[in-house]
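Residue numbers (full-length UniProt numbering), protein chains in the order written: chain A, 1 to 373; chain B, 1 to 373.
No wet-lab data here; the hints were simulated from the structure. A couple of the hints might just be wrong.
Identical copies go unnamed one by one, so any copy, or any two together, can satisfy a pair.
Under the rule of at most 35 Å between Cα atoms (straight-line distance), these lysine-lysine pairs were calculated in the DSBU-like manner [as the list claims (entries may be wrong)]:
no. : residue 1 : residue 2
1   : Lys214    : Lys363
2   : Lys214    : Lys51
3   : Lys358    : Lys101
4   : Lys264    : Lys363
5   : Lys358    : Lys370
6   : Lys121    : Lys358
7   : Lys370    : Lys101
8   : Lys101    : Lys357
9   : Lys370    : Lys214
There are 2 protein chains.
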Amino acid sequence: MADQDAPKPVNPDNMDLADLRDEIDRLDGEILQLISRRAQCALKVAEVKMKAAPDTAVFYRPEREAQVLTRVMERNIGPLGNEDMARLFREIMSACLALEKPLEVAYLGPEGTFTQQAAVKHFGRWVHSKPMPAIDEVFREVEAGACTYGVVPVENSTEGVVNHTLDSFINSNLRICGEVELRIHHNLMAGPNTQRDKISRVYSHQQSLAQCRKWLDAHMPMAERIAVNSNAEAARRVHGEWNSAAIAGEMAAQLYDLDIIEHKIEDAPDNSTRFLIIGTQDVGVSGDDKTSVVVSMRNEPGALYHLLQPFSDHNVDMTRLETRPSPSGNWTYVFFIDFAGHVEDVNVRQALDEIRKKAVEVKVLGSYPKAVL
Amino acid sequence: MADQDAPKPVNPDNMDLADLRDEIDRLDGEILQLISRRAQCALKVAEVKMKAAPDTAVFYRPEREAQVLTRVMERNIGPLGNEDMARLFREIMSACLALEKPLEVAYLGPEGTFTQQAAVKHFGRWVHSKPMPAIDEVFREVEAGACTYGVVPVENSTEGVVNHTLDSFINSNLRICGEVELRIHHNLMAGPNTQRDKISRVYSHQQSLAQCRKWLDAHMPMAERIAVNSNAEAARRVHGEWNSAAIAGEMAAQLYDLDIIEHKIEDAPDNSTRFLIIGTQDVGVSGDDKTSVVVSMRNEPGALYHLLQPFSDHNVDMTRLETRPSPSGNWTYVFFIDFAGHVEDVNVRQALDEIRKKAVEVKVLGSYPKAVL
């Protein structure tokens, strides 16, 4: 048993098949014991938390998970890739957490979308996930307490739903508790009876068509490009047509029984989509955090420049800014700003204090760990 | 580092939150090292196999995986359940195997069906899975070598496709390499605007309606029961109707945006569906195996009794027998027989030798490990 003996490092190069299998069995026994002990510690953590605050104990701590995964990736020496190893640990954490109480997570459905993939990527397989038909319903489900967290796309290069998510925050008290990034690949797909050289139409969301423009120019210059509402919609249409193709993710090909004619046709190789985890929780400092705020401004000359000044003064690195018309009136604007750092950081606090003096309203949507995986 | 120090067992009962987290971090470091070493051994196993047989090396060994999982469940002391622990090890093995070459697996689609769930349950998340529109196309995909394995339902209490799978074996040289069991729950579901007391129709596959008869008699005695082709089809129909409900699995509710009105309404609590893993591989002895054979018989008086005699004589435990008309002619029958044991077991070999003398043809579909999870 691992408790009695110090583990003996073995050089697998000098072993035959039977020895290697014995070694794997021995390693499995140790891994098993350690995972059991980890689960015991996790239960104990829950118990300590419950004793301290029976009504408000929070078992899932995004900042803590981010730290664990970051450390796993730093310490990993292979041969498994960092992402693979982090995924295994995500599942171990997910299983340990579910011992106490499985997380209930609402996401923008239907099943099989990238948002569901994002939910599983973030929370692991032990999560209970529930598809909702619209973004505001994901918000409502979490506000009502039916689910502890929600997952919504925010910078979605393919479905064009960013504004919907941003606008939902304006009328909601939910916080951002985390973010997930998924690499998105575009594929050209068609029904099984479609011949490649007969394709005269390519359907997709407008942004996906734009993201594959060079490939289409080079390989299908004559095909008409038709923009539709979503990539899933494009795949659905193509399902019944013999002379058309769709650009969409692999999942859409699976859902609509299409064959992928060409993989990864996007012009930019690192096309990715960002999702937010929403909830009611204030997330602590993980050490590598992001903060999102909404700022309402009067439409005055130089307003935006003045707004941004404190960020620069206090060395706060702004990563994104979106402007939206305010729902409250004709002459105000709302800015969604993402920057590096946590509201508990001194420089962030100082910058926000100054911005509060200039703005009509500043609402912190949340500080949360940067996407790890 | 774990290499230098013997692991110190710690009693989590005497620790505060910070200590517990330190302990978890320490455990994670050890788990990480051990998983890395396991992956190294797995790579080495592949290398040894390649050296011995460069062209025919087989990296995935179902009997070996079954043994590993069985041992994990035997050695598990909690607090994680045996199934949870085995699932984590399934993922660890899946990741290690994918290091060498990710498995390509065809399954009866579309995505989101129980068969896909079975494929992931059996092969883990690192598998590449490909949905096929029909059972015989799963067979063809594996025969053509495009996928190494296929997953098809064989005793499906809800979709009624058993015969299709059995018949496919008659004209195929594929073997059975494994089986998967999924517990299937039936749920009553309806659109979000449907009131429970307004439901006047319940759609489902005939077998699912039968499996929920007592519940329906007790709770919806007045609702008309309408049998349709599959449970997914039932859910699809209900999607647009305000006064009807469907009986189907949770995935169907997600796919068609229905709310589950009542979970687990099946009369028998352990309703499960069985899937087969098909491939070209002969699977070795795992120690807890099953064998499937097809036997062709002339239609003579007492034929079936004579056929079965050797099983009883040699203490071979028959677990299932299906009779199908033979495709080759009017007066012959084909029997699909499952029994406990492996073709390499002495008693099994003796029984089969005797059966061969009596039958027109005996074809061994495969010996494979019993479903572990």
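Verification of the hints:
| no. | hint | in the structure |
| --- | --- | --- |
| 1 | Lys214 / Lys363 | neither (41 Å within a copy, 55 Å between copies) |
| 2 | Lys214 / Lys51 | neither (60 Å within a copy, 44 Å between copies) |
| 3 | Lys358 / Lys101 | neither (44 Å within a copy, 58 Å between copies) |
| 4 | Lys264 / Lys363 | neither (39 Å within a copy, 44 Å between copies) |
| 5 | Lys358 / Lys370 | within (28 Å within a copy, 70 Å between copies) |
| 6 | Lys121 / Lys358 | neither (39 Å within a copy, 56 Å between copies) |
| 7 | Lys370 / Lys101 | both (25 Å within a copy, 31 Å between copies) |
| 8 | Lys101 / Lys357 | neither (43 Å within a copy, 59 Å between copies) |
| 9 | Lys370 / Lys214 | within (32 Å within a copy, 52 Å between copies) |
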